[in-house]
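Student: Following the hints, put chains B and C in place on chain A, whose structure we already have.
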Amino acid sequence: MQALTDRSKMVDRKPMTFVERLYLWNIIKGMRITFAHLFRKKVTVKFPEQKRAFSPVFRGLHILNRDEEGRERCTACGLCAVSCPAEAITMEGAERKPGEEHLYREEKYAAKYEINMLRCIFCGFCEEACPKDAIYLTETFAPANYKREGFIYGKDDLLIPDPKTGK
Amino acid sequence: MGIQQILFLVLAVISVITALGVVLSKSPVSSVLCLILTFFTIAGHYILLNAQFLAVVHIIVYAGAIMVLFLFVIMFMNLNTEGEPHKRNWLKYAGAISGGALLVVLVAAIHDTTMPNLQAVPTDVGLIENLGKILFSTYVAPFEISSILFLSAMVGAVVVGKK
Amino acid sequence: MIMQIAFDYIFLIDKIVLIACVLALSLLVAMYSTWGERKVAGWIQDRYGPNRAGPLGLLQPLADGGKLFFKEEIIPANSNRFLFILGPSLAMLVACMTSAVIPWGDILEIGGRKISLQIAEVNIGVLYIFGVVSLGVYGIMLGGWASNNKFSLLAAVRGASQIISYELAMGLSLIALVMLSGSLNLKDIVEQQRHGLWNICYQPLGFLIFLVCAFAECTRTPFDLTEADSELNGGYHLEYSSMKLGFYLFAEYINMFISSALMASLYFGGYSFPGMDSLGLSTNVVTMLGFGALFIKIIAFLFLFMWVRWTIPRFRYDQLMKLGWNMLIPLALFNMLITGGLILWQQGH
Numbered sequence: 001m002q003a004l005t006d007r008s009k010m011v012d013r014k015p016m017t018f019v020e021r022l023y024l025w026n027i028i029k030g031m032r033i034t035f036a037h038l039f040r041k042k043v044t045v046k047f048p049e050q051k052r053a054f055s056p057v058f059r060g061l062h063i064l065n066r067d068e069e070g071r072e073r074c075t076a077c078g079l080c081a082v083s084c085p086a087e088a089i090t091m092e093g094a095e096r097k098p099g100e101e102h103l104y105r106e107e108k109y110a111a112k113y114e115i116n117m118l119r120c121i122f123c124g125f126c127e128e129a130c131p132k133d134a135i136y137l138t139e140t141f142a143p144a145n146y147k148r149e150g151f152i153y154g155k156d157d158l159l160i161p162d163p164k165t166g167k
Numbered sequence: 001m002g003i004q005q006i007l008f009l010v011l012a013v014i015s016v017i018t019a020l021g022v023v024l025s026k027s028p029v030s031s032v033l034c035l036i037l038t039f040f041t042i043a044g045h046y047i048l049l050n051a052q053f054l055a056v057v058h059i060i061v062y063a064g065a066i067m068v069l070f071l072f073v074i075m076f077m078n079l080n081t082e083g084e085p086h087k088r089n090w091l092k093y094a095g096a097i098s099g100g101a102l103l104v105v106l107v108a109a110i111h112d113t114t115m116p117n118l119q120a121v122p123t124d125v126g127l128i129e130n131l132g133k134i135l136f137s138t139y140v141a142p143f144e145i146s147s148i149l150f151l152s153a154m155v156g157a158v159v160v161g162k163k
Numbered sequence: 001m002i003m004q005i006a007f008d009y010i011f012l013i014d015k016i017v018l019i020a021c022v023l024a025l026s027l028l029v030a031m032y033s034t035w036g037e038r039k040v041a042g043w044i045q046d047r048y049g050p051n052r053a054g055p056l057g058l059l060q061p062l063a064d065g066g067k068l069f070f071k072e073e074i075i076p077a078n079s080n081r082f083l084f085i086l087g088p089s090l091a092m093l094v095a096c097m098t099s100a101v102i103p104w105g106d107i108l109e110i111g112g113r114k115i116s117l118q119i120a121e122v123n124i125g126v127l128y129i130f131g132v133v134s135l136g137v138y139g140i141m142l143g144g145w146a147s148n149n150k151f152s153l154l155a156a157v158r159g160a161s162q163i164i165s166y167e168l169a170m171g172l173s174l175i176a177l178v179m180l181s182g183s184l185n186l187k188d189i190v191e192q193q194r195h196g197l198w199n200i201c202y203q204p205l206g207f208l209i210f211l212v213c214a215f216a217e218c219t220r221t222p223f224d225l226t227e228a229d230s231e232l233n234g235g236y237h238l239e240y241s242s243m244k245l246g247f248y249l250f251a252e253y254i255n256m257f258i259s260s261a262l263m264a265s266l267y268f269g270g271y272s273f274p275g276m277d278s279l280g281l282s283t284n285v286v287t288m289l290g291f292g293a294l295f296i297k298i299i300a301f302l303f304l305f306m307w308v309r310w311t312i313p314r315f316r317y318d319q320l321m322k323l324g325w326n327m328l329i330p331l332a333l334f335n336m337l338i339t340g341g342l343i344l345w346q347q348g349h
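Chains as they are written, first to last, in my numbering: chain A, 1 to 167; chain B, 1 to 163; chain C, 1 to 349.
Chain A extracted, bound-state conformation (with noise of 0.2 Å):
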């Protein structure tokens, strides 16, 4: 028969010799192989002490982002929360007032914008569907939390903040 693939092995069905069977041997194989792991570098991170190094294409939590003056670049145009697979964002958009041009870059500006993080699945769609590049994805994760509620982030805890101000 031709097989499948190059890995696939025939199962040895021989009967036992006479060291397989006194069992002692095979044990002694066995517990050579353990010790030399004692000697083995470990595998452990120790993790507060110790941090992995992220990936370079890592998709950790979301931020909005402003421009070089200060102004939030998002138009809640609705188009993250389209392309978003697990329907982790909702948004209202609201209309700019004269006298607040230095606070939106556009007319409409996102009044409310909230991600739940235990939804979110981090596929970073938002950030590639988003026309204004004002979504990306960071290297951090979203801190544990006692309650559901901690984990759907508002504007002020996605906002970065103002290049200018600092705040």
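Read the hints as simulated data drawn from the structure, not as lab findings. These numbers were taken from a predicted model, which means no experiment stands behind them. Be a bit skeptical, because a hint or two may be false.
Claimed, not checked - Taking beta-carbon pairs under 10 Å as the criterion, some of the chain B residues facing chain C (in silico):
1) L33
2) H58
3) M67
4) L71
5) F72
6) L127
7) L135
8) S137
9) A141
10) M154
11) V160
12) G161
C-beta: ideal position from N, C-alpha, C; glycine also.
Tutor: Okay, now just chains B and C, sitting in the frame of chain A:
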């Protein structure tokens, strides 16, 4: 009263109480546990008689092996009071009569015996070396025959297991 | 007469101090065996093992003990309360009793008096150990039965038949050793090895059988069918919580410690070490060195127990019985026959 007599009295009282416990206790498991305690006190008597070997073998064989098997069997039987089958009346009478007959025989036997006047002589027969010497000189034939019996039982167990 | 009584009191105090020391030592070693077990498990699996509580995780046993003490005591509603408590107590008591006949060292001289580092120098030491070990099964059986749980009961029954079966092979393997040494006193056996070769040279097969049986008697992996987490959910101590569970776990480690000491004494020279008598040091120093040697041997055996546990998978129950009855007992009988024949041959020459 020397320390030996005090020890003997304590052991004797405990062994009588636990032996009564074997007969009188309702639950079979506590019966077995009482019997184990009785064996321990009897082993204590052996030690008082300077027969340490007998004492230890008594504990190994009776308390360590035979009673474990007893307990083993009793644990598997569901011996609740509700599940107990109704005993027939004639069985009770038969038990009482045979037990009473045994009691009469025992009382008669004890009544007729005369206790030989024992002296407190220190003996070393129960020590393992002396016991071994006696077993292999005076009683060598019965000892060897019983050992062959044991060996054949053991071989039999292995043969049954091999099947 | 007064002198006699005064002497007896000092003797009694000696023994009480010695018993306290040995008990404290067994408990300490058992405590740190739990730590060692987890460390060895970690290392074998390329991990670090406990390393948070104190340097190298050395305070881990204290943390575990503290946790066990403060956990809730649960006694199942339909269990037999008296037997339920008796089970772990008995397991612990029996585990602690075995250490009485093991010679922990030679003789210490304090103030002109000679103190033997053996609690009870009886001429039936080996048999005493057998007696006590055969009682160890009651802790498992009573606890398992009193829990009123089918898994516990199964474990109890397994434990009972396993321990009884392996006791036979253990006894038979020891008979060959006793035939060689001509004594049942452990101190005599050690002293003979001090002035000659260790018994392992004469009894390699006997030692192997004894070792396998020791694993089975301590219900350690690969023979831990009484616990068998994957099929019996933890076995006989399934219903136990708090310090009663702690007692069961502790008793297992004390049993390991004592059987290590026993194997070291019977087959590896006990407290003697090569060149012991030609050092030219005072008796006390040599005795302490001897105790150190015994301790090193014990730790080596404890490591072996752990090493095997993290290497070999558990036996199936029929395999266990087959190994005990069909392999070890005939082998032990064969070993006995060979030893007897050789002794006769040597006496003939």
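Student: Next step is simple, just say for each hint if it's right about the structure.
Tutor: Cross-check of the supplied hints:
Below 10 Å, beta-carbon pairs count as interface contacts, and L33(B) has one with chain C at about 8 Å; its hint therefore holds. The closest approach between the C-beta of H58(B) and any C-beta of chain C is roughly 9 Å, which is under the 10 Å cut-off, so the hint is satisfied. Nearest Cβ of chain C to the Cβ of M67(B): about 9 Å, under the 10 Å cut. The hint holds. A distance limit of 10 Å between C-beta atoms decides the matter here; for L71(B) the minimum to chain C is near 6 Å, and the interface restraint holds.
With a least beta-carbon distance of about 5 Å to chain C, the hint placing F72(B) at the interface is held under the 10 Å criterion. Residue-level restraint check for L127(B) holds (minimum Cβ-Cβ distance to chain C is 7 Å; threshold 10 Å). A cut of 10 Å between beta carbons decides the hint on L135(B): the least distance to chain C is about 15 Å, and the hint is violated. Hint on S137(B) is violated. Least Cβ distance to chain C is approximately 17 Å, over the 10 Å limit.
Contact between A141(B) and chain C, as hinted, is not supported at the beta carbon level, the nearest pair being about 19 Å apart and thus beyond 10 Å. A hinted interface residue such as M154(B) counts as satisfied when its beta carbon comes closer than 10 Å to some beta carbon of chain C; here the least separation is about 7 Å, so the hint holds. Of the supplied interface hints, the one on V160(B) holds, with its beta-carbon coming within about 9 Å of a beta-carbon of chain C, less than 10 Å. Interface restraint check for G161(B): the shortest CB-CB distance to chain C comes to about 5 Å, inside 10 Å, so the restraint holds.
In summary, the structure is inconsistent with hints 7, 8 and 9 from the numbered list given earlier, while agreeing with the others.
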